[in-house]
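Peer 1: Below are the chains, spelled out letter by letter.
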Amino acid sequence: MLSPRQGLLRPVGCGVEELRRRRREREAALRRARREQQLVSKRLLRDDTPEEAEGGSVASILGEAEIQQFLWLAQRGTEEKEREGALVSLRRGLQHPETQQTFIRLEGSMRTLVGLLTSNHALLQLEAARCLHELSHSEQSEVAEACLPATSYLLTYLAGHSSDLIELCLYTLGNLIVESEAGRRQLLPQGIVPALASCIQSPHLPVLEALGYALSQLLQAKEAPKKIIPSVLASSIPQHMLRLLQPGPKLNPGVAVEFAWCLHYIICSQVNNALLITHGAVSTLGLLLLYLAGSVQSPEDAGLELFLLQKHPSLLPEGLWLLNNLTANSPSICTSLLSLDLIKPLLQLLPVSNVVSVLVLTVLCNVAEKGPAYCWHLWPGPLLSSLLDTLALSDTDVVGQSLELLQLLFLYRPEAAQAFLQQSGLQALKRHEEEAQLQDRVLALQQTALHR
Amino acid sequence: MQLPPAVHARLAAGPGAAEPLPVERDPAAGAAPFRFAARLVRFPREHEFFEEGDVQRHLYLQDVLTGVAGVPERPRVPEFTCQMAGCCQVFDTLEDYEHHYHTLHRNVCSFCKRAFPSGHLLDIHILEWHDSLFQVLSERQDMYQCLVEGCTEKFKTSKDRKDHLVRHHLYPGDFRFDKPKKAKGPASPVAAMQVPTEAVGDDGDTMEVCSDHMTPPPEPVGEKRTSRHRIPSTICFGQGASRGFKSTKNKNKHQ
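Order-wise, the sequence lines are chains A and B.
For the first sequence, position 145 matches number 146 in this note's numbering, and the numbering has no gaps at all.
For the second sequence, position 30 matches number 31 in this note's numbering, and the numbering has no gaps at all.
The set of hints was computed from the structure by calculation and includes no laboratory data.
You can trust all of the hints, since none of them are fake.
Here chain A is said to cover these stretches of chain B; the calculated rule only asks that three of the stretch's residues, wherever they fall, bring their Cβ under 8 Å from a Cβ of chain A:
(1) 102–109
(2) 118–130
(3) 162–176
Positions of the beta carbon are idealized from the N, C-alpha and C atoms, including for glycine.
Isolated chain B (complex conformation):
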C-alpha cells in the first residue's frame, strides 16, 4: 500500500506536530444506553492478549540454534605460543588463546602466581593473603569482605565470612574460591588454590601454567615476577572488542 500524499508531504516537510483541533465534548456523548469512554487499556501479564506473541517467542527460542564456541567454525591461524613467561601453550585459533589467557594469565597474583576467575576475587586474595596491614587492621575491625558482588557485608574472620556465604547466599560449603589462608604466610609455595584436597576423586591439579612443562612449578622467590596483568599491547582479540571488557580496578599490584 502506498503512503497517502499527505503523509509524503509531512515527511518531506520534516518533523513537527500539527496544531491539534479544538476539543469540544457534549455530555450526551457516551451517555446511557451508550457507554463509550476513551481510556487507556492495560493488560496484565497472563492476559490472553499476549498469547500469540508468547507462542511466537517460544517457537523462536526452540528453533534458534546458536553455534557453540570454539570447534571447527573458528578460522585457524598459523600456530603461535603464549607469550607469558613460563607458559609454552600453543594455539591455532585466536579464541582458544583468548580463553586460555583470560583463564590462566589475566587475574594472576604477582606474589603467589595463583590464577583467579575474576579481578574481584584476585583483589580480595591479595588483600587477605599478601597485605600485612590487612592482618593488623583485621584484629580491630571487620575486614573480611563478602565475595558476592553487590553484598557489602564484612566479617571479623574468614570463617564468619564463609558462614555468611553459606547461610545468606546459599553458596556451597566447599566453595573453591574461598580457601582460608594457610598459616605459613605469603611466600608459601603450596599447591593451587583451585581444587580442595578433600574433594572426592579430585586431583591436586597443580599450578602448571604450561602443561608441557615437566618440571614442577617454580618457587615464587627465585622467579621473575610478572607484574603486567593487563593484556599486552601486541594482543588484540577479534570480534571488534576492545581489549577484554573494562575492569574498574587496577590490578597492577606490585609487592
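Only chain A is shown next, with the shape it has when bound in the complex:
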C-alpha cells in the first residue's frame, strides 16, 4: 500500500528542487503501485489552521491512559464543553500513527467511539465522526479495518440532513472502501449503493464532492466490473452524475473531477456503455470538453479538441485516442478535419513523442483511407514532407504507420508518389530495408513509387 504522507504534512519552506524531486519520487511510486495493482490513495479532511487556546500547535502522541481518560470524559463528563474538549484532544492525538495503534488495541475503545457517534449530543457526534475519519485515513490496514463496525451507522447518517456530518461520513466511507475488499464485502449488502443514490440528490456541493470521491473508490475496486458497476448502472446514479457534469456556470470543478473519474471507471470496465449513451453521456462529455477548451460550439466540430490539446500536452494521448475513435468510421468528421485546416496543427504534434506520432499518423490514416476525395486534400500540402521526416526516425511503430499512410496516399493520389521520388523518398525508404517488421512494406512502396 502506498504511503506518501509527506505531501500533506511537509514543513513549509522546502526548496523548489526538493519539492520536484519528491514529486517525481511519488510519481514513480504510484506507477510501481499501479503495475502491481496496489494503487490505494485516500483523502483527508482536516482543519489545517493552528488550534487556538489549547496550548501548542502540534498534537502530541497519546498513551493508553490518556486515551482512556479522554474517552471517559467524553462519555461521562458533566460539562458539555469538557466532553467536547476531550474528544477534540483525542482527535488531534489520532493524527499520529502511534496513537492510532494504541487506540485500536485498547479494549472497548471503538465501541465507545461508536456509542459517541450515535449519541444524542450533536457536537459530540461530529467530533466522534472526525476521530473515525482520522482512523480511516491511516495507511496501516489494521487501523482502518478497526473502523468497520461503524459502517452501518455511517450509511444510516447519509440519509440524515446534517451536511457536515454527511460529508465526513462520505469521506470516511471512501477511505474504508479503498482500504480492503473485506470492507467492500460488508458495505455492499449494507446498502451503500441505494444510500449513495439518495444522497446524490443533495444540493450541497461539499456533500457532492465527498460522494463523488466515495463512489470513485467503489468503482475503482478490482471486483467492481462484476460486483459493483452493474448495480450502480441500475440505480439513478448515472443520470445524476451526468447532470453534475453539465457544462455551464453551475459546474463545480471539485465535484466534476470526482464524477468524471467515476464515469471513466465505469466506461473502461465496459459493462454496459450503451446504457450510458442512452442517458446522453456522449453529448454531455463532448460539450464539457468543448466548454473546458473555451468554446461553446456544437460537438460536431471535432477539431476544437486540438486546441485543448495544445494547451495541455499531457492530454495528447487521450485526446488523440478520442480523435481516432471519432474519425475511424465517420466521413463527416474526417471532412471537418480537412475543411477546418486541421491537418497542419496535427502534423505539428508529431515531434512530441513516439506514442503521440503513432496516434497522429493513425488519425491521418483514418482520413486517407476514405478515398481519393479525401487524399485530394492531403496533397499538395505539408503532409509529405512531414512523412519524409518521420521516415528518418528509427522507431518501428512510427515508421510502420508512416508506411501505411504512404500506401494510402500513393494509391489515391498518384501524383504524391511522383513528388515523393523527387524529394529523395527512395533514400528515406532504403534506411529501413533490413528491418524485419518493415521490409515487406518498404519494398512494396519502392515498387509503387517507381512504377507510377
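Model the placement of chain B on the given structure of chain A, informed by the hints.
Peer 2: Relative to chain A, chain B alone:
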C-alpha cells in the same frame, strides 16, 4: 497557436456539419503486406494507456486537503438560542446550529420525543410504535419492513427483521436504531432509544434536548406536542441550499 482562418469562419457562421466528402475505397488499400484498417480502439481498465492519468489522479487525491467542517473557519454570528420548545442550546455559528437542529429536532417523533437520524427511520418508528392499526395488521401479514434503504423485505416480527438485518445485510446485532418496542405501550416515558443499556461502558444518554436543563426530560402526556417537523420558515441555512434537501415523505404526523 492561432485558430486557422477556416475555423474562425466556421465558428462565426454557427453550428452545422459540413457535407461529407464521398467515400470511395480501393480493395488494394491496406492489402498485404500492408495492414491498416480504420478501427475503434478500446482499452481495458488495467491498460498501460491509463497509467499517466491514474498517477495524476492519485497525486490529486493525496494532495487535496479539504478543510474540516466547523472550527475556526466558519464566520461567527452573535449568539442565538435554538427556537425549539424546551431547547435552550446556544450557538455562535450557523453551521453548528444546522447540525444541532438536524440531529436533535429534525426527525423527532411527536409522540415520544425520540430523535432519529433520518426521516425513513422516524416513519418506521411511528408506524411500529404508535400506530394501533399496525398492531392489528401485523397479526395477519408481514408488516415489519427492513430498515435498509432499497430493500423491500417485510417480516412477521421485529426479531425476524433483526435476523434478516444481521444475516443478509451484515448489520451489527446491537444496531442502535432497531430497538424492539417495549411492552408498556406508546406513552411510555423511558430513556432514549439511542443507546442500548447493555452496551459496555455506555451511559444511558438521556433524551435531554437542552443540555443545560437540570430537570429530567418531561413526560410526554403533559407536554405541548411539537407538531412541526419541517424547518421553521425563519431559518435559512446558508451555502445557497434550499431548506435541507427535499424529503419525499411528509413527517407531519399528528396523533
